[in-house]
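Asks: What follows is each chain in one-letter form.
Number of protein chains: 2
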Amino acid sequence: MTEFFHVITADQFSELLVHFPRLSSEKMPLDASLSRILSEDVIAFEDLPEQARSTVDGYAVKAEDTFGASDSIPALLEVAEPVPMGTLPGYTLRPGQAAPIPTGGFLPQGADAVVMVEYTNRAEANSVEITRPVTLRTNVIDKGEDSKSGELLLPAGMRLRFQDIGYLAATGFPEVSVYRRPKVAILSSGDEVVSIERKPLPGQIRDANGHALAALVREAGAEPILFDIVPDDAEMLQEALETALSQSDVTAISGGSSVGTRDLMKGAVSNLHDTEILAHGIAIRPGKPTLLANSKGKAIFGLPGHPVSALIVAQVFLLPFLRFLQGADLGKGPPGHRVDVTLTASIHSTIGLEEYVRIGIEEKPDGKCEAHPIYGKSGMLSTMVQANGILVIPMTIEGFSKGDKVQAVRW
Amino acid sequence: MTEFFHVITADQFSELLVHFPRLSSEKMPLDASLSRILSEDVIAFEDLPEQARSTVDGYAVKAEDTFGASDSIPALLEVAEPVPMGTLPGYTLRPGQAAPIPTGGFLPQGADAVVMVEYTNRAEANSVEITRPVTLRTNVIDKGEDSKSGELLLPAGMRLRFQDIGYLAATGFPEVSVYRRPKVAILSSGDEVVSIERKPLPGQIRDANGHALAALVREAGAEPILFDIVPDDAEMLQEALETALSQSDVTAISGGSSVGTRDLMKGAVSNLHDTEILAHGIAIRPGKPTLLANSKGKAIFGLPGHPVSALIVAQVFLLPFLRFLQGADLGKGPPGHRVDVTLTASIHSTIGLEEYVRIGIEEKPDGKCEAHPIYGKSGMLSTMVQANGILVIPMTIEGFSKGDKVQAVRW
Numbered sequence: 001m002t003e004f005f006h007v008i009t010a011d012q013f014s015e016l017l018v019h020f021p022r023l024s025s026e027k028m029p030l031d032a033s034l035s036r037i038l039s040e041d042v043i044a045f046e047d048l049p050e051q052a053r054s055t056v057d058g059y060a061v062k063a064e065d066t067f068g069a070s071d072s073i074p075a076l077l078e079v080a081e082p083v084p085m086g087t088l089p090g091y092t093l094r095p096g097q098a099a100p101i102p103t104g105g106f107l108p109q110g111a112d113a114v115v116m117v118e119y120t121n122r123a124e125a126n127s128v129e130i131t132r133p134v135t136l137r138t139n140v141i142d143k144g145e146d147s148k149s150g151e152l153l154l155p156a157g158m159r160l161r162f163q164d165i166g167y168l169a170a171t172g173f174p175e176v177s178v179y180r181r182p183k184v185a186i187l188s189s190g191d192e193v194v195s196i197e198r199k200p201l202p203g204q205i206r207d208a209n210g211h212a213l214a215a216l217v218r219e220a221g222a223e224p225i226l227f228d229i230v231p232d233d234a235e236m237l238q239e240a241l242e243t244a245l246s247q248s249d250v251t252a253i254s255g256g257s258s259v260g261t262r263d264l265m266k267g268a269v270s271n272l273h274d275t276e277i278l279a280h281g282i283a284i285r286p287g288k289p290t291l292l293a294n295s296k297g298k299a300i301f302g303l304p305g306h307p308v309s310a311l312i313v314a315q316v317f318l319l320p321f322l323r324f325l326q327g328a329d330l331g332k333g334p335p336g337h338r339v340d341v342t343l344t345a346s347i348h349s350t351i352g353l354e355e356y357v358r359i360g361i362e363e364k365p366d367g368k369c370e371a372h373p374i375y376g377k378s379g380m381l382s383t384m385v386q387a388n389g390i391l392v393i394p395m396t397i398e399g400f401s402k403g404d405k406v407q408a409v410r411w
Numbered sequence: 001m002t003e004f005f006h007v008i009t010a011d012q013f014s015e016l017l018v019h020f021p022r023l024s025s026e027k028m029p030l031d032a033s034l035s036r037i038l039s040e041d042v043i044a045f046e047d048l049p050e051q052a053r054s055t056v057d058g059y060a061v062k063a064e065d066t067f068g069a070s071d072s073i074p075a076l077l078e079v080a081e082p083v084p085m086g087t088l089p090g091y092t093l094r095p096g097q098a099a100p101i102p103t104g105g106f107l108p109q110g111a112d113a114v115v116m117v118e119y120t121n122r123a124e125a126n127s128v129e130i131t132r133p134v135t136l137r138t139n140v141i142d143k144g145e146d147s148k149s150g151e152l153l154l155p156a157g158m159r160l161r162f163q164d165i166g167y168l169a170a171t172g173f174p175e176v177s178v179y180r181r182p183k184v185a186i187l188s189s190g191d192e193v194v195s196i197e198r199k200p201l202p203g204q205i206r207d208a209n210g211h212a213l214a215a216l217v218r219e220a221g222a223e224p225i226l227f228d229i230v231p232d233d234a235e236m237l238q239e240a241l242e243t244a245l246s247q248s249d250v251t252a253i254s255g256g257s258s259v260g261t262r263d264l265m266k267g268a269v270s271n272l273h274d275t276e277i278l279a280h281g282i283a284i285r286p287g288k289p290t291l292l293a294n295s296k297g298k299a300i301f302g303l304p305g306h307p308v309s310a311l312i313v314a315q316v317f318l319l320p321f322l323r324f325l326q327g328a329d330l331g332k333g334p335p336g337h338r339v340d341v342t343l344t345a346s347i348h349s350t351i352g353l354e355e356y357v358r359i360g361i362e363e364k365p366d367g368k369c370e371a372h373p374i375y376g377k378s379g380m381l382s383t384m385v386q387a388n389g390i391l392v393i394p395m396t397i398e399g400f401s402k403g404d405k406v407q408a409v410r411w
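Just so you know, the protein sequences line up as chains P and E, in that order.
Residue numbers for the first sequence follow this note's numbering, so the first one is 1 and each next one is one higher.
Residue numbers for the second sequence follow this note's numbering, so the first one is 1 and each next one is one higher.
Keep in mind the hints are simulated off the structure, nothing from the lab.
Don't take each hint at face value.
Since the list can't tell identical chains apart, any single copy or any two copies may satisfy a pair.
In the DSS-like style, the derived pairs of lysine-lysine whose C-alpha atoms are separated by at most 27 Å in a straight line are [stated by the list, open to error]: (1) Lys143 to Lys199; (2) Lys199 to Lys27; (3) Lys143 to Lys377; (4) Lys405 to Lys368; (5) Lys266 to Lys364.
The model shown is predicted, which means the values in this text are computed figures rather than measured ones.
Bound conformation, chain P alone (with noise of 0.2 Å):
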């Protein structure tokens, strides 16, 4: 029997994604919070820096007091009182006077401007020549100017790269709120399908599905918990998928790619307690057969049996809803980064599919790229290795031409 589907297009089943709650969020140490995302604005308790510093290595001065100065008519000021590192100087700049400060000292009270050590002359011990003025501010960081007391130092929703970390650490927050990492549940099920560990025996494949996947949901920044793999058993599967329901926040299961076995899959979703199924078909190529339900606010991906068509369709929406859960925006596409690309041959399309075409990028000496299709059975990983991006054809073209310029995502 062929199974006819009520195919939904990408957009809508991207818009069934972005229905579901995201997840809670937790207090990180700074030190574990790279790449995760901000549950809450992050709002400075302080003036950093606390008091103005000096950004050059020289003498803390009043700046009028060097007005005019010049290599031919230096100012001459009465050395104050070295600034130490690590405390405030305990003493107030008179007119007229300059403190040696490092770079990093905080200004004397007084003090309004520093003038650079190369720009002074040290004739004798209490007194220094300036030979260049300076104005108000100069080489100073002010009081507050790094950040204010209650500015918004980041906002909620920003991803943490190194120097956000930085900046957090510099104000004081050892701890933050990020969006919770999901948990994946990640199901192979098949007769013929066994852990790596094993030598299949004659008519048997080692679970790749499954590797892939966990590796592809730790690229996403979540944790995967990968399931013994299930037979082609309606109960079985069932209570595998409660088992893995109640350890995680999202499951993934791809299970064999025949009608027999897709069936037995959907059956056991639809058994489900309180589950209900939101899509079972997709007008994407590949990965036609995907099935998406929601389970007590979690979603369910059942993935297509079909290696590269199981990991295109977790690439293209399983990885961008793994982030959206942690706080990201659902993004359009594949994740990735675009370039832009020129067709080195013409590739076909079919109206209303969204194609996903593996394609062979090489850039050139001068800088722009080339793409050419790599083509391949889906049930071929090679042709995912050899691959190095991804092109999308929209449903409502027939393909590409030769020597098109379009944009790609590079794996």
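Could you slot chain E onto chain P? The hints should help.
Replies: Just chain E now, kept in the frame of chain P:
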């Protein structure tokens, strides 16, 4: 005293880095090897698939039995025993026979093509009408088509992506040899620097550099070891460096940016046993006072004290170096994703210095990107947070003009 550097160019500095030895390799479970770099070629030890498999649900046939078949004159074939999943069919298909086969099923001996179920009519239990002809190998992945025994599956030096993990799972590699991840000792020095857990006293600052560097080291796939803050004391600094070297593959120290602490750092490094200072001063801005030493084959990076300078040097040189130690190529310039941008303001630079300009990149509705420079004192981390990219101005030019189209790196 002003210190004069014998500066070297950025290219010369990279040339020094590339002479450090790569790290040794280690066996890793496949599931822990995402983003790691293979230290050995991976060679297939068997054919994948080991026998021809069907890519569709349908009937395994001898192709010649279907020649000339059509809707009006179908080929009538005898139905053989269905192909089971998970074992090899135990019989040989005879001329005139068709065996029901699921997607992924192994073809019986004697079959050489599969007819999709859509082009068949199972009129009776023991006969089936074929309404379309198939040619040899149609809907079949042939023995060894995905990979052949003895074939190079993945080359040494390749960074493992999720699909590569899947391919290695399919081809039977539960473990892989990858380059070790460097352990990176991170030392922050300075009398004024305090741990981020503490409330700084007046005149003190929190250790922003250490935590930002730890995050950057993680981003490079390496393992940071964050040491206690070292005061500005020659002996303590040297002792801390010795401990750091004994526990790590690379040491990164960020000291004060004043001449005094810079001299301390250089002195402490010079006093280490079997240690050669390879460079002190690079013709770059920011980051000129950077120091590089080789201590018994291990690199010591002496980073500038200004947080922005330290982080930019770390991003442009330390991060690619850490990836290089793990088997990657040492690319030119800051790592990251190149984007073409149009400048919305002119940016001046100094001949003889390679400049790294923080920029704000804005994507326009047409997909094109504009960029503007983000200026600010190099003590101000906020400028690194506002920026989402970096632009390199080569040492031979005086800057870029408003409207220039240039390539930048996105953060």
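Asks: Against each hint, give a clear statement of whether it holds in the structure.
Replies: Hint check:
1. Lys143 to Lys199: So Lys143 and Lys199 pass the 27 Å test across copies only (17 Å; inside, 67 Å).
2. Lys199 to Lys27: between (44 Å within a copy, 20 Å between copies)
3. Lys143 to Lys377: between (64 Å within a copy, 13 Å between copies)
4. Lys405 to Lys368: both (11 Å within a copy, 14 Å between copies)
5. Lys266 to Lys364: neither (47 Å within a copy, 43 Å between copies)
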